[in-house]
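Enquirer: For the protein sequence lines, the chains are Y and H, in the order given.
Just so you know, this note's numbering puts 1 at position 1 of the first sequence, and the rest follows in order with no gaps.
Just so you know, this note's numbering puts 11 at position 11 of the second sequence, and the rest follows in order with no gaps.
Bear in mind the hints are in silico, worked out from the structure with no lab data behind them.
Quick caveat, the model's predicted, so the values are computed rather than measured.
All C-beta atoms, glycine included, are put in the ideal place defined by N, C-alpha and C.
Treat the hints with caution; some may be incorrect.
As the list claims (entries may be wrong) - Sample of chain Y residues at the chain H side, in silico, Cβ under 8 Å:
{"no.": "1", "residue": "Pro20"}
{"no.": "2", "residue": "Arg59"}
{"no.": "3", "residue": "Phe128"}
{"no.": "4", "residue": "Val129"}
{"no.": "5", "residue": "Gly130"}
{"no.": "6", "residue": "Pro132"}
{"no.": "7", "residue": "Arg194"}
{"no.": "8", "residue": "Gly195"}
{"no.": "9", "residue": "Ile196"}
{"no.": "10", "residue": "Arg197"}
{"no.": "11", "residue": "Val414"}
Unchecked claim - Among the chain Y residues that face chain H by a calculated CB cut under 10 Å, a handful are:
{"no.": "12", "residue": "Leu47"}
{"no.": "13", "residue": "Ser71"}
{"no.": "14", "residue": "Asn73"}
{"no.": "15", "residue": "Thr75"}
{"no.": "16", "residue": "Gln78"}
{"no.": "17", "residue": "Val84"}
{"no.": "18", "residue": "Gly86"}
{"no.": "19", "residue": "Ala87"}
{"no.": "20", "residue": "Cys403"}
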Amino acid sequence: MIGLVDCNSFYASCERLFRPDLHSRPVVVLSNNDGCVVTMSREAKSLGIRRGAPYFKVRRELEQAGAAVFSSNYTLYQSISNRVMGALEELYPDVEVYSIDEAFLHLPHRVPDLGLHAAASKETVERFVGIPVSVGFGRTKTLAKAANRWAKQHRHTQGWFILTEKREEEILRQLPVIDVWGIGSRKGRWLLQRGIRSAWDLRQADAYWIKRHLTVVTLNTLWELQGRAVIDHEPPAPPKQGILSSRGFSQEIRELPQLRQAVADYAERAARKLASQGSTAQYVTVQVRTNRFRDSPQYANSATVRLAEPTAYIPDLVQAARRALQRIFRPGYGYAKAGVFLFGIDVPEASVPSLFADGQQKKDSAARAVGEVHRRYGAGSLRTLQSAGEQPWAMRRELCSPCYTTSWSHLPRV
Amino acid sequence: MFRIKSSAHAPAVSLPLFADHIPAGFPSPAADFTEEELDFNELLIRRRCATYCLRVSGDSMQGAGILPGDILVVDRSMYPLDNDIVVASLDGEFTVKRLITSGGQPVLRPENPAYREIIITDDRDFLVFGVVTAVVRTMKRRGG
């Protein structure tokens, strides 16, 4: 059997973890640049606000309901996610992390007392980490997803549900085809138009017909609904070949100095990540582009600079990014987004040459000191002059919570 | 290649250790006694995924050696027992106190005569966040 453990309103639950004052208040988390609602607590859902709603449209309603609103704090969410996965890994040898808030558990075929496993995995994550989860078991991943959904939607399940073969017809008949894992709205509408309304209808559909019209991906879904596990372990992610820091600006940038500052900031972000992994990079690529959705002159370009030596020294990487930007900047455009990509990643082993290259050694120790400052006082506490100062273009994250678990200066208070 | 750890102030430096390739040298008499250096994580963290750190702001537990500015290491995986020091949420606020469960109703007991015991009546919103397993305090020197 396969289990799916899925965190309930994950981002909102993370925001609540160190805020006991929010335990019964509606909590909402916004997307990048505080654009729209991405996660809602149960209380917020019951206000009738939809996921994806633009923040400015629902702002008033949220205020009136006394909702707590947060910008996305991915640092916090990733840290809590690691804990959720860590707790599951203590219980089961085969945990497949599927996303930031979901994991599949692979259990041997005939496990007695599966209900005990479901209840125990739920209780353990909730007690160890403090994040509520739902658990569903089924014969395949797609059925485990369906079971999890059932658990989430029916309170009497107490948050876990075992979809046995016997009950598959009953449950799948009540699952709209659009909500089947891997179907989505486009395929779902297409199926609806052809009279396939529920997961059970899809399971009865002709395999050949499905494959011809909706490719082998949907055929796999059909088989999974029938109980044939065909969606395998995802291949493990390849080791990082490069580090990308890319994001849109909260307002257009037209002038070079400001674009330079933004690119320096992104280069620093990428370089900090690089340094914290203990790796070096030899190439720096800078990309810029205008807003594709705007009816104004369009431009997009990128350039790559090769460094003489692989390095993790932030000022060198920022300088390289500046040179790359210089090559591609064209005046007269409104830039909407930039990205800095570091590649040619290496993990230096012995520092033999550095014993003789005095300058490099100084840079190494400066880099270590900077790394230590970032670790103690938070990322970005020490910056280069190029990125320092007001950043009017910076991503709007006005409502961001502290990084409770990753920065000594942000610890929750008691 | 070996990793040599230098003294406390300088970070680890990797150097090629040529000694083990010199056939004429004597092997180090200490080689058989090599063990891992002390690791504070091992001392302070029993279960990483269930451990959180919180900063103390009040003085209600000074009698237990918990002072303002201290960092509490809190383990959520342990079931709170009678007389444990716990972090709990009480009516929407975190508090650190000694938990007494041997009487009828649970009691949160401060360790400072200036504070009163809190009896956890049913109308209060009370939840144990975790059990305090360690206190970390760094010493400030006058010179900064």
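Enquirer: How about Val414(Y): closest beta carbon in chain H under 8 Å, or not?
Expert: holds, 4 Å
Enquirer: Using 8 Å as the Cβ threshold, decide whether Gly130(Y) counts as touching chain H.
Expert: holds, 6 Å
Enquirer: Checking hints one by one. Is Pro132(Y) an interface residue toward chain H, by the C-beta closer than 8 Å rule?
Expert: Because about 13 Å separates Pro132(Y) from the closest Cβ in chain H, which is outside the 8 Å limit, the hint is violated.
Enquirer: Under 8 Å, Cβ to Cβ, is where Phe128(Y) needs to be relative to chain H, so tell me if that hint holds or is violated.
Expert: With Cβ-Cβ at 4 Å, under 8 Å, it holds.
Enquirer: Holds or violated: the hint that Ser71(Y) contacts chain H, with Cβ atoms closer than 10 Å.
Expert: Given a least distance of 22 Å, the restraint on Ser71(Y) is violated.
Enquirer: Just to be careful: measuring from the Cβ of Gln78(Y) to every Cβ in chain H, is the smallest value less than 10 Å?
Expert: violated, 14 Å
Enquirer: Against chain H, is Thr75(Y) within 10 Å by beta-carbon distance?
Expert: violated, 15 Å
Enquirer: Using the nearest Cβ pair, does Arg197(Y) come within less than 8 Å of chain H?
Expert: Because about 42 Å separates Arg197(Y) from the closest Cβ in chain H, which is outside the 8 Å limit, the hint is violated.
Enquirer: With a cut-off of 8 Å on the beta carbons, see whether Arg194(Y) makes it to chain H.
Expert: violated, 46 Å
Enquirer: Would the stated hint for Ile196(Y) survive a check requiring a Cβ distance to chain H of less than 8 Å?
Expert: violated, 42 Å
Enquirer: Let's test the interface hint: is any C-beta of chain H closer than 8 Å to that of Val129(Y)?
Expert: The hint holds - Val129(Y) has a Cβ within 8 Å of chain H, the shortest such distance being about 6 Å.
Enquirer: Against chain H, with CB atoms and a cut of 10 Å, does the hint on Gly86(Y) hold up?
Expert: Hint holds; Gly86(Y) Cβ to chain H Cβ min 3 Å, cut 10 Å.
Against the hints set out earlier in the document, violations occur for numbers 2, 6, 7, 8, 9, 10, 12, 13, 14, 15, 16 and 20.
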